[in-house]
Structure formats: structure tokens, C-alpha cells
Amino acid sequence: MNNLTPSKNGRELLLCALRCQPVERTPWVPFVGVHGGALIGVDATAHLQSADHIFRGLREAAKRYRPDGLPVAFDLQLEAEVLGCALAWAKETPPSVASHPLGADYATQKLPTFSVDQGRIPFVLEATRRAKAAFGEEIALYGVITGPLTLALHLRGDDLLLDMFEETDEVPELLAYCTEIARQMAEAYLEAGADVIAVVDPMVSQIGPHHFEEFVAPCLNRIFDHVRDCGGLSSLFVCGNATRNLEAMCATQCDNISIDENVNLADLARVAQAHGKSFGGNLKLTVVLLLGDEDDTRRDVVRALDQAGTAPGFVLAPGCDLPYAVKTANLETVAALVHDPYQVEVARRLPAKDLDDDFADIAIPEYGAEKSVIVDVVTLDSAGCAPCAYIYSAAMEAARAFEGPVSVHERKITGREGLAYMKKLGVSAIPSICVDGQERFASIIPDRRELIQALSDAATAKGTGRASP
Amino acid sequence: MNQNLTLLQSAIEAGKRKDAVALTRSLLDEGMAPLDVVEQALVPGMSVIGEKFKRNEVFVPEMLIAARAMKECMVLLEPLLVAAGVKPKHTAVIGTVQGDLHDIGKNLVAMMLKGANFAVHDLGTNVPTEKFVEAAREHGAELVCLSALLTTTMPAMREAVGVIRAAALPKVKILVGGAPITQEFCNEIGADGYSPDAASAVDKAKEVLSA
Numbered sequence: 004m005n006n007l008t009p010s011k012n013g014r015e016l017l018l019c020a021l022r023c024q025p026v027e028r029t030p031w032v033p034f035v036g037v038h039g040g041a042l043i044g045v046d047a048t049a050h051l052q053s054a055d056h057i058f059r060g061l062r063e064a065a066k067r068y069r070p071d072g073l074p075v076a077f078d079l080q081l082e083a084e085v086l087g088c089a090l091a092w093a094k095e096t097p098p099s100v101a102s103h104p105l106g107a108d109y110a111t112q113k114l115p116t117f118s119v120d121q122g123r124i125p126f127v128l129e130a131t132r133r134a135k136a137a138f139g140e141e142i143a144l145y146g147v148i149t150g151p152l153t154l155a156l157h158l159r160g161d162d163l164l165l166d167m168f169e170e171t172d173e174v175p176e177l178l179a180y181c182t183e184i185a186r187q188m189a190e191a192y193l194e195a196g197a198d199v200i201a202v203v204d205p206m207v208s209q210i211g212p213h214h215f216e217e218f219v220a221p222c223l224n225r226i227f228d229h230v231r232d233c234g235g236l237s238s239l240f241v242c243g244n245a246t247r248n249l250e251a252m253c254a255t256q257c258d259n260i261s262i263d264e265n266v267n268l269a270d271l272a273r274v275a276q277a278h279g280k281s282f283g284g285n286l287k288l289t290v291v292l293l294l295g296d297e298d299d300t301r302r303d304v305v306r307a308l309d310q311a312g313t314a315p316g317f318v319l320a321p322g323c324d325l326p327y328a329v330k331t332a333n334l335e336t337v338a339a340l341v342h343d344p345y346q347v348e349v350a351r352r353l354p355a356k357d358l359d360d361d362f363a364d365i366a367i368p369e370y371g372a373e374k375s376v377i378v379d380v381v382t383l384d385s386a387g388c389a390p391c392a393y394i395y396s397a398a399m400e401a402a403r404a405f406e407g408p409v410s411v412h413e414r415k416i417t418g419r420e421g422l423a424y425m426k427k428l429g430v431s432a433i434p435s436i437c438v439d440g441q442e443r444f445a446s447i448i449p450d451r452r453e454l455i456q457a458l459s460d461a462a463t464a465k466g467t468g469r470a471s472p
Numbered sequence: 002m003n004q005n006l007t008l009l010q011s012a013i014e015a016g017k018r019k020d021a022v023a024l025t026r027s028l029l030d031e032g033m034a035p036l037d038v039v040e041q042a043l044v045p046g047m048s049v050i051g052e053k054f055k056r057n058e059v060f061v062p063e064m065l066i067a068a069r070a071m072k073e074c075m076v077l078l079e080p081l082l083v084a085a086g087v088k089p090k091h092t093a094v095i096g097t098v099q100g101d102l103h104d105i106g107k108n109l110v111a112m113m114l115k116g117a118n119f120a121v122h123d124l125g126t127n128v129p130t131e132k133f134v135e136a137a138r139e140h141g142a143e144l145v146c147l148s149a150l151l152t153t154t155m156p157a158m159r160e161a162v163g164v165i166r167a168a169a170l171p172k173v174k175i176l177v178g179g180a181p182i183t184q185e186f187c188n189e190i191g192a193d194g195y196s197p198d199a200a201s202a203v204d205k206a207k208e209v210l211s212a
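Keeping their order, the protein sequence lines are chains E and L. Taking the working numbering, the leading residue of the first sequence gets 4, the next gets one more, and so forth. Taking the working numbering, the leading residue of the second sequence gets 2, the next gets one more, and so forth.
The set of hints was computed from the structure by calculation and includes no laboratory data. In this text, a Cβ means the ideal position worked out from N, Cα and C, and glycines have one as well. Hints may be right or wrong, so weigh each one.
Not the full set, but computed from the structure, chain E residues with beta-carbon under 7 Å of chain L [stated by the list, open to error]: (1) S208; (2) Q209; (3) R247; (4) T331; (5) M399.
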């Protein structure tokens, strides 16, 4: 890729991508919310009520998932709680709003006076400051704030949507009130060290472009302008199917748009690029990251990268906050792919999940019946992939040094035969060395002595030859 | 066709509740059977708005005001339907899964099902899994509709499907929906049907019940 912006670390790389500048690899932002609690062994209720828990969850996520950015806390009830909404707490989800203080009228003057010193907001800001000090130079921090439409719905309830049809000033006035709160939150986060303000407004997925443009976009623009004036970057997160609003969302003043799996990422890429905006998404949160396995994750990363295309400005992320019990191995797999382009190439060769092919027509040796020890080196292709070349060469050298009958075969997964070996031998990673049908060295180039010992053990097992390590 | 029926259908589509209630009253005063008012004006009105919703021509707020108008008409009509011995064709239990307090989508689906002559028992939001089983058993429901708005409560939907399946309710079909839900997720958790929006829920409900 040409004209790359030199980046010192993940944070710099992400901030460049958010500004639509070319970067050398795709930045990755796992939206660790209550999952941070799972990482440190506390439930969601305890996690979101302690600066220390939030910080420790972030630190653990930073260590395990090697992200370029992290949201400090993913809790769209922080502001609503201060304003008098009752919350229902749960062990594995963020709290939910259980009452609407403006359910009967629009008397915002009767609500408690809002400040960022109230409720749980100080915990989140303290966690931001601690994260900034601990790793904030390497990893960008996102301050997550509740979007004005979602906050207005928390306060008023669903009637807000009906009231949009009444020709009164009440809805715009309530949205303006929520906008002012968002501006205060954004400012506080930026002062505490956040780099990016994510305005999360999932209820935008429930309205049409006309209502979005009339009621919501002007409010969002006031927030985005303020973030820019304060020196931060801004992102608009909309969970849910926001396809119909993509044009209108991209026409706002934010730097970045982030969506979830309900939106086709290729559609967003096209619209965002036309508006000069960076964009992010949309790893599948539940079907893949929560319920799937590492191969499902690999396929989904490739799917997202391909849909995003090669133009600058893409940020790989789940579309919404990660479930509490999301599989850590899956997120570690995303990290592995992000940091190693070779892993992406391997992932591209994975057979489709629903591939109903047992490769019955491709026979593999009856290893026990063979006189020689058989080494199958399962690779992407040693001609074009450095780790494959090293591991293949290591196997060949060990075979030469081993004074017994041995044959080494490269099985390239670029072809169906290689895929048959991969499946039948139960190969867990590429490249991998299997000795007499057993995977012995997965994605690691073994020490020569170790490999020769493995050949020797196999020869002894079948009673042919002796080792001379 | 009676002009007031046409006007009532238009009032439902536009969500003009005061007009809709006045027209319903006029039609009843004219001697029209309550079931005819429902079937010839309210159901077609909701059906039109539902089709527009599917085509992305209207959105949740427009559906809500139409549903509100219909609901206010049903306040007049329901006692008359009961008195006339009109019985719903199917029975459904609906609720938002445990941990999730969102109800817009769930309310819309409930309203659309009612409009399609289903008896609907709405369990509300944050419904413990066992309540779905109890309610389905109590009301002899053939359909359980599960809603979730949060990705974080999708596991609760999976759990609910498992518990309903484990209960001895062989004729019960399960329909799932909500902003983060996908057909893929529906397949994964073993539900019988997924509806991407409230408007499609009626068709999907009928489809799974006839399967």
C-alpha cells in the first residue's frame, strides 16, 4: 500500500484510520463492556459500580485482545440514572431503565440537576484517567455517551415516538436538553483522557430518515462540533438495522460511523466513503463471537475485511457491546488475525462452515501400516508464506538428520487435497506438522531436537528404525 | 363499499385516533357487525401500514401511531366481539426476555397479532423464562413470541427457547424477533421462526403454525 501514514502504535494507527488516513493494518476495537467484568471474575452489577473493576477489566482486555482502542464503559444508563430513571440490574447485562421520570409530562425542570459528579459517572471518569495513565498512550480510549434520542426515550418512554407526530415544541426541547447533557459528558471524558467520543444512539435504528433529519441530526451535530472544538474525534454508534438511515447518519458531522451485523458492511463502506467518513463494524456478536468457535471467528473477520474493502478508514469492531460471556478465545483469534496478515490468508482458505464434504474420495495413508514415518506439513503454501516455508524447511532438515525411514509431504490447503488432510488429521492451526497422523506442532516451528525426537518416538512406536538425535 | 369503512381504514393508516374512534362509532351506529368493522377496516389498515413498514416507507413511530389508533377502536369493539361469541383463531403468549426491558417491538407484534385475530397474552418485559412456559400452558397457547432488543440479552432468548423446548408443550411453536436478532441466530437457538419486523410477524406466525 502506498502513502502509508507512519504509526508508532495502535492508538496512533487507530486515530489515523478514524481520520480516513491510510494505515498499514486494520485497527481493531473490541467493544468490551460488561465483558470486562467477566474477565476479572465479577458480575455486571459489581463491574459497573466500581472504578477499580472497570479499570481492571480494561487492563485485562488490553492484555488479552491487543486492541488499538477500547471503550471505557459501555453503559447507556449512566446519564439516565442521574436524571431519576430507576435501573434494573442484572448479572450479565448492563442495567436497564425501569422507569421514565417524564412519562406523564415534559417537565425537565423537575428532573435532578445533571452534573458529571453524580451517580456512577465519577467511577467511569476515574477509570478513564487510570486507563489513560496505564496504557492510554498505546491504546486509544473511547468515552461512550448516550445519544440524545435514546436518552430522551429513557426519560419519556415510548410516547416520545408518538409525540414526534404532534406539532409541538416538546420533543425538540427534550432532545436539546439531552444534547446538553451529552456535551457535558463528552467534555468530561475528553478531560479525563478519552481520545474518541462514541455517541451511542441505538434508537436511531427504529426511526426513518425524515424523523432522524428533523429531530436527531441537529442534536448530534451540536455534540460532534463540541467534541471537535475540544480536540477529540467522534463516532456515531447505531446498533440495530440502521440501513435506511446510513445516508443521513453519514451526512452528520461525526468522524466515524459504527454499525452492527444488521447492516451490510459493504453498504456502509460505500456510503461512508462517499461522505469522506471512516467507518467500523460489524463482527457478529452472538452467532460468531459468543456462540461460534475460532474458525467461525476467522471466517467472519475475513468477511468483514472483504466487505470493508481496501479504501482507508475502516475499523474492525463488533457492532455493539460484547456479551458478558463472549468467548475470550474468539476475541484472541480476532487479535491474532489483525496483527498477522498471514493468519488472514490462512483464514481465507478455510472451508465454508456448511461445507458438506467429508473428502471421502481422498485417501490419507494408513500411518500404522507404513514402514516409514510420515510427516505431513500442512501449510498455506511454502512458496508464498514465510512461516510455512520455515516450518516445511525445519521438517525437511529434521528428516535428513533422522537416520530412519521418513518421508515428508507438504499438504497445501490451497487445494482440496490439502483441505482433506487438514480435516482428516484434525489440524488446529496452519502451518502444522503432523507425525504419523498426529498433530505434533501446531503453528510453531519446533526446535530441531524436539522434532527429531518426535520422529524417533513414531519410529519406535511402529518398530522401525532407531533414533539418532 | 361503505364510505365510512374506507375512511376508517385511512384513519388507521394515518394514525388519526380521534377520527378512527368516531368512524368506528358511526359504523356501529349504522348497524354494522363489530367483526366486519375489524375485518374490513382495521385489519386492512394495519396490513397496509405493515406492508409500508416492510418496504421501508414508514418506520416504528408510524406503526406505533397506527397501532394506537387501532387499540382505541378496539376498546369499543372488544366487548361487542366477546358478546357476539367471536373467538380468536389462535392463541399466543408474548414477552421480552429476561434482563431486557424494551417493549416497543414486542408491543407492535402483539398489536399486529391481535389485528390478525390472535388471542394475545402479553407477559410484558424482563420475563423470567419459566413464565413463558407457565403462560403457554395456562392459556393453551400454540405460539410463544420472544423479543430482545439488546445483544446482551440474546443469551436469555436462547435459554428461553431451551426451557420451552424442554417443557412438555409439543404443539407450541416459538417465534423470535428484535433489533439484534437474525435468521442465523434463530436457527442457532432452534426457534421455529424469525421475523425481522413487526409487520412480518403475522405472516411468519401463520407460517410456523401451519407447518
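Worksheet entry | Minimum beta-carbon distance criterion (7 Å), S208 (chain E) to chain L | Nearest chain L Cβ about 6 Å off; hint holds.
Item to complete: Mind checking the CB of T331 (chain E) against every CB in chain L and telling me if the closest is under 7 Å?
Response: For T331 (chain E), the interface hint is violated, since the closest Cβ of chain L sits about 16 Å away, which is over 7 Å.
Discussion item. A closest beta-carbon separation below 7 Å is what the hint needs, so does R247 (chain E) meet it against chain L?
Written reply: Hint holds; R247 (chain E) Cβ to chain L Cβ min 5 Å, cut 7 Å.
Discussion item. Next item in the hint list is M399 (chain E). Is there a CB on chain L closer than 7 Å to its CB?
Written reply: Hint on M399 (chain E): violated, closest Cβ of chain L at ~44 Å, above 7 Å.
Practice prompt. May I ask you to test the interface hint for Q209 (chain E) with respect to chain L, counting a Cβ-Cβ separation under 7 Å as satisfied?
Written response: 4 Å, holds
Hint violations for this structure: numbers 4, 5, all remaining hints satisfied.
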